[in-house]
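**Q** Take a look at the letters that make up each chain.
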Amino acid sequence: AQKITQTQPGMFVQEKEAVTLDCTYDTSDPSYGLFWYKQPSSGEMIFLIYQGSYDQQNATEGRYSLNFQKARKSANLVISASQLGDSAMYFCAMRDENTGFQKLVFGTGTRLLVSP
Amino acid sequence: DTEVTQTPKHLVMGMTNKKSLKCEQHMGHRAMYWYKQKAKKPPELMFVYSYEKLSINESVPSRFSPECPNSSLLNLHLHALQPEDSALYLCASSPRDRGYGYTFGSGTRLTVV
Numbered sequence: 001a002q003k004i005t006q007t008q009p010g011m012f013v014q015e016k017e018a019v020t021l022d023c024t025y026d027t028s029d030p031s032y033g034l035f036w037y038k039q040p041s042s043g044e045m046i047f048l049i050y051q052g053s054y055d056q057q058n059a060t061e062g063r064y065s066l067n068f069q070k071a072r073k074s075a076n077l078v079i080s081a082s083q084l085g086d087s088a089m090y091f092c093a094m095r096d097e098n099t100g101f102q103k104l105v106f107g108t109g110t111r112l113l114v115s116p
Numbered sequence: 117d118t119e120v121t122q123t124p125k126h127l128v129m130g131m132t133n134k135k136s137l138k139c140e141q142h143m144g145h146r147a148m149y150w151y152k153q154k155a156k157k158p159p160e161l162m163f164v165y166s167y168e169k170l171s172i173n174e175s176v177p178s179r180f181s182p183e184c185p186n187s188s189l190l191n192l193h194l195h196a197l198q199p200e201d202s203a204l205y206l207c208a209s210s211p212r213d214r215g216y217g218y219t220f221g222s223g224t225r226l227t228v229v
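Going line by line, the protein sequences match chains G and W.
Residue numbering for the first sequence follows the working numbering, starting at 1 and increasing by one per position.
Residue numbering for the second sequence follows the working numbering, starting at 117 and increasing by one per position.
Some clues are possibly wrong.
Among chain W residues calculated to face chain G with C-beta under 7 Å, some are [claimed, not checked]: (1) 127; (2) 130; (3) 222.
Under the rule of at most 20 Å between Cα atoms (straight-line distance), these lysine to aspartate or glutamate pairs were calculated in the DMTMM-like manner [as the list claims (entries may be wrong)]: (4) W/125 with G/61; (5) G/73 with G/22; (6) G/3 with G/22; (7) W/154 with G/44; (8) W/157 with W/140; (9) G/3 with W/160; (10) W/156 with G/86; (11) G/70 with G/96; (12) G/73 with G/26; (13) W/152 with G/29; (14) G/16 with G/96; (15) W/152 with W/140; (16) W/134 with W/200; (17) W/157 with G/44; (18) G/3 with G/26; (19) W/152 with G/86; (20) W/169 with W/200; (21) W/138 with G/55; (22) W/156 with G/44; (23) W/157 with G/22; (24) G/3 with W/174.
In case anyone wonders, no lab produced these hints; they're calculated from the structure.
Note that CB positions come from ideal geometry on N, CA and C, so glycine has one too.
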């Protein structure tokens, strides 16, 4: 079975600094997809970034980058130049390939607080 | 239109009530999902619809009844719920093929009293 682990319940960072949110995963499938979502207090899940298991390069989307280390089975999210609006819950998720659908398995999340 | 719209945003219902949650998308996505999220927990999958047919039911109690009347709409009918069913209910959609990224709605916060 696939599993996602986020070991940081909470992280603090000062505005304009970079922060790394950790995510490790476990799967026996050679083909998988990894996602990061942001969930503000309003509840909406906002898609941030995606990394496919066969992608040669680390994914980047604006201030977000994914540090993908396949051998270590880690997919850490790096947020550069943090902003106050980045304060939210962040979930790492993996696509379950077995079902043929985009069933996502989520980690427990990391709450990020950005201070002025 | 790149949104998933969920209504209502908040719902309070008694244990004997019948209510429905609604989800709508116009992105042409052919897979739609219901997730349940308890406070301080990750979302948990409830149901998956593909081409308007129920494809996955994650052993959800029968007091939750999903319905997909067309490719743009997804409903969740609620009946005889328990207080422990209070949660954020998230709808999402995705392309049927293996693209990347769900699009989530903003959710319905349900309180059962």
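**Q** Holds or violated: residue 127 of chain W as interface residue toward chain G, Cβ cutoff 7 Å?
**A** With a minimum Cβ separation of about 13 Å from chain G (threshold 7 Å), the hint on residue 127 of chain W is violated.
**Q** CA of residue 138 of chain W to CA of residue 55 of chain G, is that 20 Å or under?
**A** Violated - the C-alpha atoms of residue 55 of chain G and residue 138 of chain W are around 36 Å apart, more than 20 Å.
**Q** Need the status of pair residue 152 of chain W, residue 86 of chain G: alpha-carbon distance at most 20 Å?
**A** Violated - the C-alpha atoms of residue 86 of chain G and residue 152 of chain W are around 24 Å apart, more than 20 Å.
**Q** Would the pair residue 156 of chain W and residue 86 of chain G pass a check requiring their Cα atoms to be no farther apart than 20 Å?
**A** At roughly 18 Å apart (the allowed maximum being 20 Å), residue 86 of chain G and residue 156 of chain W satisfy the hint.
**Q** Does residue 22 of chain G sit within 20 Å of residue 3 of chain G, going by the straight-line distance between their CA atoms?
**A** The hint holds at about 14 Å.
**Q** Just to be careful, I want the Cα atoms of residue 154 of chain W and residue 44 of chain G compared with a cutoff of 20 Å; is the pair within it?
**A** holds, 14 Å
**Q** Does the structure keep residue 152 of chain W and residue 29 of chain G at a Cα separation of 20 Å or less?
**A** violated, 26 Å
**Q** With the threshold set at 20 Å, check whether the alpha-carbon distance from residue 3 of chain G to residue 174 of chain W stays at or below it.
**A** Within the cut-off at roughly 17 Å; holds.
**Q** For the pair supplied as a hint, residue 3 of chain G and residue 160 of chain W, confirm whether the alpha-carbon distance does not exceed 20 Å.
**A** holds, 13 Å
**Q** Verify the proposed pairing of residue 152 of chain W with residue 140 of chain W, using a straight-line Cα cut of 20 Å.
**A** holds, 17 Å
**Q** Residue 3 of chain G and residue 26 of chain G were given as a pair; does the straight-line alpha-carbon distance stay at or below 20 Å?
**A** At roughly 5 Å apart (the allowed maximum being 20 Å), residue 26 of chain G and residue 3 of chain G satisfy the hint.
**Q** Hey, residue 125 of chain W versus residue 61 of chain G, does the alpha-carbon distance stay inside 20 Å?
**A** It is violated: about 29 Å lies between the C-alpha atoms, which goes past 20 Å.
In the structure shown, a violation is registered for the earlier hints numbered 1, 2, 4, 8, 13, 14, 19, 20, 21, in ascending order.
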